[in-house]
Amino acid sequence: MKKIIFVLVACLALISCGQKEQGITLRFATWDSGDALKIQQDIAEEFMKENPSIKIQVEAYGSGFDQKLVASFGAKNAPDVMYMWDFPTYSSQLENLDSYIKESTEVDLNDYYGGLLNYVKVDNNTYGVPSGFTTHVVFYNKDMFDAAGVKYPSKNWTWDELTEKAAKLSNPNDRVYGIGLLGKPDPYDFEQFLWSNATSYISPDGKTLKGYLNSNESVEVFREMRKLVDNKSGILVGGKQQQSGSDIFKASKIAMYENGIWPLNGYKKAGINVGVAILPSFNGNSPKSVMSVSAISMWKGSENKEEAWKFIEFYNSEKAAKLRVADLPVRKSLVKSFGIEENVELKPFYEMLSLADSTPSFLLNSNWKEVQRNLSPAIEEAMLGLRDPQIIMDEVVEKSERLLKE
Amino acid sequence: MDISLDIKKRKRKKISIFKIKRDTLVPYLFIMPWILGFFFFTLGPLLFSLVISFFDWPIIGNPTFIGLANYKEMFFEDPQFWKSLGITAKFAGIFVPLNISVALILALLLNNNVKGSGIFKTLFYMPSVISGVALAMIWGWVYSDEYGILNYFLSTIGIQGPNWLGDPNWATFAMVFASVWGQGTMMLIFLAGLKNIPKELYEAADIDGANVVSKFMYITLPMLSPTILFNVITSIIGAFQQLSLALLLTGGGPVGSTYFYAMYVYDNAFKYFKMGYSAANAWFMFLIILSLTLLVFKSSSMWVFYESEATIKKKKG
Numbered sequence: 001m002k003k004i005i006f007v008l009v010a011c012l013a014l015i016s017c018g019q020k021e022q023g024i025t026l027r028f029a030t031w032d033s034g035d036a037l038k039i040q041q042d043i044a045e046e047f048m049k050e051n052p053s054i055k056i057q058v059e060a061y062g063s064g065f066d067q068k069l070v071a072s073f074g075a076k077n078a079p080d081v082m083y084m085w086d087f088p089t090y091s092s093q094l095e096n097l098d099s100y101i102k103e104s105t106e107v108d109l110n111d112y113y114g115g116l117l118n119y120v121k122v123d124n125n126t127y128g129v130p131s132g133f134t135t136h137v138v139f140y141n142k143d144m145f146d147a148a149g150v151k152y153p154s155k156n157w158t159w160d161e162l163t164e165k166a167a168k169l170s171n172p173n174d175r176v177y178g179i180g181l182l183g184k185p186d187p188y189d190f191e192q193f194l195w196s197n198a199t200s201y202i203s204p205d206g207k208t209l210k211g212y213l214n215s216n217e218s219v220e221v222f223r224e225m226r227k228l229v230d231n232k233s234g235i236l237v238g239g240k241q242q243q244s245g246s247d248i249f250k251a252s253k254i255a256m257y258e259n260g261i262w263p264l265n266g267y268k269k270a271g272i273n274v275g276v277a278i279l280p281s282f283n284g285n286s287p288k289s290v291m292s293v294s295a296i297s298m299w300k301g302s303e304n305k306e307e308a309w310k311f312i313e314f315y316n317s318e319k320a321a322k323l324r325v326a327d328l329p330v331r332k333s334l335v336k337s338f339g340i341e342e343n344v345e346l347k348p349f350y351e352m353l354s355l356a357d358s359t360p361s362f363l364l365n366s367n368w369k370e371v372q373r374n375l376s377p378a379i380e381e382a383m384l385g386l387r388d389p390q391i392i393m394d395e396v397v398e399k400s401e402r403l404l405k406e
Numbered sequence: 407m408d409i410s411l412d413i414k415k416r417k418r419k420k421i422s423i424f425k426i427k428r429d430t431l432v433p434y435l436f437i438m439p440w441i442l443g444f445f446f447f448t449l450g451p452l453l454f455s456l457v458i459s460f461f462d463w464p465i466i467g468n469p470t471f472i473g474l475a476n477y478k479e480m481f482f483e484d485p486q487f488w489k490s491l492g493i494t495a496k497f498a499g500i501f502v503p504l505n506i507s508v509a510l511i512l513a514l515l516l517n518n519n520v521k522g523s524g525i526f527k528t529l530f531y532m533p534s535v536i537s538g539v540a541l542a543m544i545w546g547w548v549y550s551d552e553y554g555i556l557n558y559f560l561s562t563i564g565i566q567g568p569n570w571l572g573d574p575n576w577a578t579f580a581m582v583f584a585s586v587w588g589q590g591t592m593m594l595i596f597l598a599g600l601k602n603i604p605k606e607l608y609e610a611a612d613i614d615g616a617n618v619v620s621k622f623m624y625i626t627l628p629m630l631s632p633t634i635l636f637n638v639i640t641s642i643i644g645a646f647q648q649l650s651l652a653l654l655l656t657g658g659g660p661v662g663s664t665y666f667y668a669m670y671v672y673d674n675a676f677k678y679f680k681m682g683y684s685a686a687n688a689w690f691m692f693l694i695i696l697s698l699t700l701l702v703f704k705s706s707s708m709w710v711f712y713e714s715e716a717t718i719k720k721k722k723g
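These protein sequence lines are chains A and B, in that order.
Numbering follows our numbering, with no gaps: position 359 of the first sequence is 359.
Each position in the second sequence, counted from 1, maps to that position plus 406 in our numbering.
Hints should not be assumed to be uniformly reliable.
[Claimed, not checked] Heads up, simulated DSS-like pairs for lysine-lysine below, C-alpha to C-alpha not over 27 angstroms straight-line: (1) Lys601/B to Lys621/B; (2) Lys269/A to Lys250/A; (3) Lys300/A to Lys76/A; (4) Lys38/A to Lys322/A; (5) Lys227/A to Lys207/A; (6) Lys677/B to Lys210/A; (7) Lys207/A to Lys478/B; (8) Lys38/A to Lys68/A; (9) Lys151/A to Lys227/A; (10) Lys405/A to Lys478/B; (11) Lys250/A to Lys68/A; (12) Lys121/A to Lys405/A; (13) Lys677/B to Lys521/B; (14) Lys269/A to Lys142/A; (15) Lys207/A to Lys677/B; (16) Lys38/A to Lys336/A; (17) Lys369/A to Lys521/B; (18) Lys478/B to Lys369/A; (19) Lys76/A to Lys496/B; (20) Lys405/A to Lys489/B; (21) Lys489/B to Lys207/A; (22) Lys268/A to Lys347/A; (23) Lys347/A to Lys322/A; (24) Lys76/A to Lys142/A; (25) Lys305/A to Lys55/A; (26) Lys207/A to Lys405/A; (27) Lys38/A to Lys55/A; (28) Lys399/A to Lys677/B; (29) Lys489/B to Lys399/A; (30) Lys369/A to Lys405/A; (31) Lys399/A to Lys496/B; (32) Lys121/A to Lys677/B; (33) Lys405/A to Lys677/B; (34) Lys677/B to Lys300/A; (35) Lys49/A to Lys305/A; (36) Lys210/A to Lys489/B; (37) Lys601/B to Lys68/A; (38) Lys369/A to Lys677/B; (39) Lys427/B to Lys399/A.
Since the hints were derived computationally from the structure, they do not count as laboratory data.
Based on the sequences and whatever the hints tell you, model everything.
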């Protein structure tokens, strides 16, 4: 018995010795995977070269990011630095960065696009520094346009123009379609089309859906989308276990596809002669795009805040921004020095950014996620054309009012 | 002398007490890893979840006691609760009978001692070895609208197959078929039950001139009824807890048509982080399964035949 105890004690001693390491280890959590994750690791590598006493441990949470993050907050064992997007939900766990930014010589918020800063603020406190973003654009296959003798999208094109082009480009017998539309779009992304028709899901004060989600303007958007599919100038793509729109675009089976910047490099690699256009406008309203902002934040409970801030500063430096090729730089000075303003492929993303002034619903009502549980299948139903969008959206409004009041 | 004897006796007694203690203790020590695991990782969390269900319990922030409010919300305010319950009941209603019939038919076929039945036994069982994730991926390909093998086969006989996973009217059936595919374990249990039926019964029936149908109805089914009871119960439990396939194959879609109860509970907990509410959901599911199981057990006296009981009755008679 004594021997066993001795062995156990020895084992424990060894284990605890093994955990002792020299210097400080910062935990950095990201939702990236694959190539984009490699970028995060490269940035961390670069930082460690400059700061040998700090070790960065990159933790890839992938698609389970929110679950893991919430669990780690709950267990009071969260990563020191993390990617962040949903500030209203997590701000209570994040360090207020205002004082850090004030003293910093590296981070100057005036150098950041104003539209992006709205996303990282809660009650006028800054809880994160934007480090990358994308707006949505329409990718089009130039070769398919040429072959069909259709003009490329004009600078200020309209939804009618898109409909017309899509009809000319499609050839249902060969399973070629003018445009690919998501059959089950993420409600967060889809709201941009409502904005582009001068409406939104929810009232600006975040209190009601009535007269917004079920307004004539909203219903018109759903009808227009469905019309494309009914006319066979468009096809529904994506969804679980279905081929993604990007893959079909790469196979030259759809001529236009709306998305963020993510697949652009893949299209080029696949040899597609790809063009980039801004989103079309509805009824003369200015087109609006949703924004996907990746910001970087610090955990309130971190024991190494000084080092964590050092990493955040580095993360927003020119050096790191150069490595971040999966999305777009957020600092005006870098956009200039990287020559992005002259880049015809990237310029439309910034045009959409300059037009963006809408506030997404999740920032307007703290219970939005639950409303989305009703909304998501409803949008899908409208896209599938199972019932009239007016009836579907009226139903969602009625079902969801209870959730908005809580 | 008397005294010394007494002492000896006492000593012996002491030793024996110690020995008894040790003898009884050792087996407990052997099962201790399991017992501890059960207490700490099964029973403990199970009871704790009941406590949680009376709280508003977000992961971030502090839990507050709200009594029966979670249950009230579930029954009277949340339409999704009833919808998901209905979807799951529909799934179970189709899945349980189908699963049992398919497993039973395959077992009956395998019970014939023909050449190659071993190979088929392996083939039929193989899907049960595959993990739920792989199963979902395989069926994702099979059901694919444009490129799926199922619709290809249907097209060769001139049928335009539906969009299995994209059409709300078909998705539940698609899930049932994919689930039934993994029936192998049930088939093996049936097969074992079939092998246990004494041959004499069939021989006697043959002499009496019984045909295949009546042999099945009057010998096989009654003799197999305890096995059927077991399979019905495990099948019901499995159907109500179906999560992985919904999560991976359809994600609850299309249009929420496969948003099973288990997925609803999962989302409440890990997507909306309402631990208390989701614990209440889970306990209600537990009560449903418990009462269904009890119902099946109660009814079993009417249709389950136990050989041992029969012989006792005979002796008494």
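Legend entry - Restraint check for Lys489/B with Lys399/A, where alpha carbons must lie at most 27 angstroms apart: Roughly 13 angstroms between the alpha carbons, so the hint for Lys489/B and Lys399/A holds.
Legend entry - Proposed proximity, Lys305/A with Lys49/A (alpha carbon, max 27 angstroms): holds (20 angstroms)
Legend entry - Given hint Lys621/B paired with Lys601/B - CA-CA distance at most 27 angstroms: holds (15 angstroms)
Inset, instruction - Please work out if Lys399/A and Lys496/B have their alpha carbons no farther apart than 27 angstroms. - result: holds (23 angstroms)
Inset, instruction - Could you grab the alpha-carbon distance between Lys677/B and Lys210/A and see if it respects the 27 angstroms cut-off? - result: holds (26 angstroms)
Legend entry - 27 angstroms Cα cutoff - pair Lys268/A, Lys347/A: holds (17 angstroms)
Inset, instruction - Decide if the proposed pair is consistent with the structure: Lys207/A and Lys405/A, CA atoms, cutoff 27 angstroms inclusive. - result: Status holds; Cα separation ~7 angstroms.
Legend entry - Holds or violated: Lys38/A to Lys336/A, with C-alpha atoms at most 27 angstroms apart: holds (26 angstroms)
Legend entry - Satisfaction of hint between Lys322/A and Lys38/A, Cα-Cα up to 27 angstroms: Holds - the C-alpha atoms of Lys322/A and Lys38/A are around 14 angstroms apart, at most 27 angstroms.
Inset, instruction - For the pair supplied as a hint, Lys405/A and Lys677/B, confirm whether the alpha-carbon distance does not exceed 27 angstroms. - result: holds (20 angstroms)
Inset, instruction - Decide if the proposed pair is consistent with the structure: Lys399/A and Lys677/B, CA atoms, cutoff 27 angstroms inclusive. - result: Holds. Lys399/A to Lys677/B sits at ~20 angstroms (cutoff 27 angstroms).
Legend entry - Agreement of Lys677/B and Lys300/A with the hint, judged by alpha carbon distance not exceeding 27 angstroms: With a Cα-Cα distance of about 22 angstroms, the restraint between Lys677/B and Lys300/A holds, given a limit of 27 angstroms.
Hints 5, 11, 13, 17, 19, 24, 37, 39, counting from the list given before, are not met by this structure.
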